[in-house]
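Take the sequence shown: its letter number 37 is residue 370 in our numbering, and every next letter is one higher.
Take these hints with a grain of salt, some might be off.
What the hints assert, rightly or not - Cross-link-like lysine-lysine pairs, in silico, DSSO-like; alpha carbons within 27 Å at most:
hint, residue 1, residue 2
1, 833, 620
2, 418, 430
3, 892, 826
4, 622, 638
5, 822, 803
6, 574, 638
7, 561, 363
8, 905, 888
9, 822, 791
10, 638, 709
11, 535, 833
12, 431, 457
13, 418, 363
14, 622, 561
15, 645, 622
16, 469, 543
17, 457, 557
18, 620, 822
19, 430, 373
20, 833, 622
21, 791, 709
Claimed, not checked - Pair ranges (Cβ atoms, derived):
hint, residue 1, residue 2, range
22, 952, 901, 24 to 30 Å
23, 864, 355, 39 to 45 Å
24, 919, 606, 48 to 54 Å
25, 612, 903, 50 to 56 Å
26, 547, 356, 56 to 62 Å
27, 828, 460, 55 to 61 Å
28, 905, 616, 46 to 52 Å
No wet-lab data here; the hints were simulated from the structure.
No residue lacks a Cβ here, since even glycine has one placed at the ideal position from N, Cα and C.
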Amino acid sequence: MNAQKVYPKDSLDRFGDDLYELLLSYLSFKDRFRCECVSKQSKRCIFTTQSELIITPKLYTQLKMFVKYMGTRTHWSVLDVTLEKCQNIAYIECNDKKLTADMLDSIVDHCHRLTAINVRLDRKLSVDRIDRFFAKFAKQLTRIELREMPKFLTSNLKSYENWCPNLRQLINCIPGFEGYQPIEYLFTDSTGCMEGKMPRLKLYRLQYRKIGSEYVDTFVACFKHTLKSLYVWIDRDCDQKSFNRLIAGLSQMWALNELILWCYQCDGDLVASLPQHLPQLSHGLPKLKSLELFYYESDEGVDTKMRQSIRKCMKRVERKQKFQDKRGMAARSSHTMNAQKVYPKDSLDRFGDDLYELLLSYLSFEDRFRYECLSKQSKRCIFTTQSELIITRELYPQLELSVEPMRTHTLELIITPELYTELKMSVKCLGSLARHGSVLDVTLEKCQNIAYIECNDKKLTEDMVDSIVKHCHRLTAINVRLHDTLSVKIIDKFFDKFAKQLTRIELRNLPQRIEYLFADSTGSAEVKMPRLSLYLLKYHKIDYEYVDTFVACFKHTLKSLNVWIDRDCDRKSFNRLIAGLSQMWALNELILRCYQCDADLVASLPQHLPQLSHGLPKLKCFELVYNYHETDPGVDTKIRQII
């Protein structure tokens, strides 16, 4: 009876409902009750997109005015009628009111898609009611946050948590522990292991006491592969030995990308030992992106050491902030400074931005600078979809025209050639290289999502590389010409940041020879580039000794190979190259460029082609480029026949 009506795919009724649902989804929760009576379609569609219910005293008062219920309007009656209308609720939050037995029954009866709860439970709840709740929702719950609970649930909580195989976030506020669950509450004893019972747990809030030190190894064994975010409140009774054991355990949680340590209640000696533990955490947590340390600043020297240690060890953390807290001073490190603003799901600003981004994505790169000054929304959205930057001789003067006046004046000026002539005298750019660096710097500062950069008409200077490192956090591919004056330091800085995310590197003015890949003919690069699928190679006579090593490293992965054969290549080195290429069985594209080869080498090509054909079963594209005018017509005919 309560099943939603399913329309045929080509039904106009369905189209109307889908469109109407989208429009109504931007209404506030209270406005849905007001607009429900507009039409039958409105009554049918208005609550289908409501997936969250956050109960506050203000909302509850408003709901009382809309919910038509005979008799006394108890907490249960209002919630029951509300949930009966909102069949798709997936998240319920209720912290200002305690969840009674009747309210819990309403949730069980109506919320068939519930996946997350954040509630305060009435202490009078019975075991049967809790059992009924977990019997229905245990397998689909992904987040549990209990602010208050009955005494029996505190002691038996581990048994209910074991029922939830898909649980990702667990925040249980045991009375007296300020929102953090003691580690010993998870396990029956120090040898008991919950591995497999909550295999998908991603976030956990933990209180660490001296008596919990024996459970650290068990906790690490259970969650080191899955836990992404961990909040640890360190209790005042924690001594140096148990603290060291905690740090040793945390340094093995290699999947963590967020770690928060609250040390407000810690002894001063424990806080003073934190700087020497940070290198251990940095080394053991390779995926860590956010580290927050909260402690009382009792000694200025300790705070200085903490800052220096964070700056030295936590290079992945991009900023450091010191702020005043009512409970004392705290030093905090976070990487979220450059994060884009995230709007609520029902925000009209978000709706407008998404639509505006789509429309603006069809503008050319030059036009984006022209339209940026139209409005604040235009400034916010116009560069978010720009993922490629291809710098040409034609584009660069246009960027100079758009960028340089904007550096000197406001961003809302409409730039014209006449205005540019007047402003050019006030732009402080010394020399052409400095100007190129400044233009690229301002451009990349606007385009934060650039993933690909191509610059072949101009050589990349040190300032330009520095701008790329500073602003392009999502760079995955480059196709550039590097300036001869680049220092080793700036190249190291570039690869320190982008080495792990780069999927394509194309350097035009640096010829790649096979010998550059290896220290010697027996050296291997197999582990260093295990996913290499395309390579452009220049082959010289002296490279023949590296052929076997090259084949051993890349025969399983290389899909496309472009080989330029140099004029100094003789018959022996050429034969060795062909023998090696015929073992690259994963190749599906092979290009041999023999422009500079001797005529005798080109004449030997027909006898090598069957060998290549037999050894390359996956080959789909084969290009053979040689000087037709200097080749014997008979040889050319043989090559055509064999191919």
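Do the hints match the structure? See the list:
1. 833 with 620: holds (12 Å)
2. 418 with 430: Status holds; Cα separation ~21 Å.
3. 892 with 826: Roughly 30 Å separates the two Cα atoms, so the pair is violated.
4. 622 with 638: holds (21 Å)
5. 822 with 803: holds (15 Å)
6. 574 with 638: holds (22 Å)
7. 561 with 363: With a Cα-Cα distance of about 36 Å, the restraint between residue 561 and residue 363 is violated, given a limit of 27 Å.
8. 905 with 888: holds (22 Å)
9. 822 with 791: It holds: about 21 Å lies between the C-alpha atoms, which stays within 27 Å.
10. 638 with 709: Not satisfied, since the Cα-Cα distance of roughly 42 Å exceeds 27 Å.
11. 535 with 833: holds (24 Å)
12. 431 with 457: OK: residue 431 and residue 457 at ~10 Å, within 27 Å.
13. 418 with 363: holds (13 Å)
14. 622 with 561: holds (10 Å)
15. 645 with 622: holds (15 Å)
16. 469 with 543: It is violated: about 37 Å lies between the C-alpha atoms, which goes past 27 Å.
17. 457 with 557: The given pair, whose Cα atoms are some 37 Å apart, is violated under the 27 Å limit.
18. 620 with 822: holds (25 Å)
19. 430 with 373: Violated, at about 34 Å.
20. 833 with 622: Holds, because 15 Å separates the two Cα atoms, which is no more than 27 Å.
21. 791 with 709: Outside the cut-off at roughly 33 Å; violated.
22. 952 with 901: 24 to 30 Å: holds (27 Å)
23. 864 with 355: 39 to 45 Å: holds (41 Å)
24. 919 with 606: 48 to 54 Å: holds (52 Å)
25. 612 with 903: 50 to 56 Å: Holds - the Cβ-Cβ distance for residue 612 and residue 903, about 54 Å, lies within 50 to 56 Å.
26. 547 with 356: 56 to 62 Å: holds (58 Å)
27. 828 with 460: 55 to 61 Å: holds (60 Å)
28. 905 with 616: 46 to 52 Å: Given about 49 Å between the Cβ atoms, the range holds.
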